[in-house]
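Asks: Adding 685 to a residue's 1-based position in the sequence shown gives its number in this note's numbering.
Be a bit skeptical, because a hint or two may be false.
[Claimed, not checked] Simulated restraints on C-beta separations:
1. Glu714 with Leu744: 15 to 21 Å
2. Glu735 with Phe707: 26 to 32 Å
3. Asp749 with Leu698: 15 to 21 Å
4. Gly708 with Glu735: 31 to 37 Å
Everything labelled a hint here was simulated from the structure, so no lab data went into it. Each residue gets a CB set at the ideal place from its N, CA and C atoms; glycine is no exception.
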Amino acid sequence: MFKSIDPEEDSALEGFKYYNKFGDEEYVEFSSGTVLVKDDSGQDIEIYVEDIPKLIKALQLAYDYKGA
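All chains, please: the whole structure from these sequences, using the hints.
Replies: Have a look at this one:
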């Protein structure tokens, strides 16, 4: 099961899901020392757990920059 970031659910946690701006589900799935970002296109992105805080900062800066 993937846990939605919106409503609360109780089940075995495999990862998280969210709906993108087009309404499509995207997933963040746990793996061994990494997480996989998945969508319906079949192109997965693998991110090392240690890099997640840096990625969050970079994404926030990109968001802030584009919002200016």
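Asks: Go through the numbered hints given earlier and state which of them the structure violates, listing their numbers in rising order.
Replies: Going through the list in order, the structure violates hint 3 alone and respects the others.
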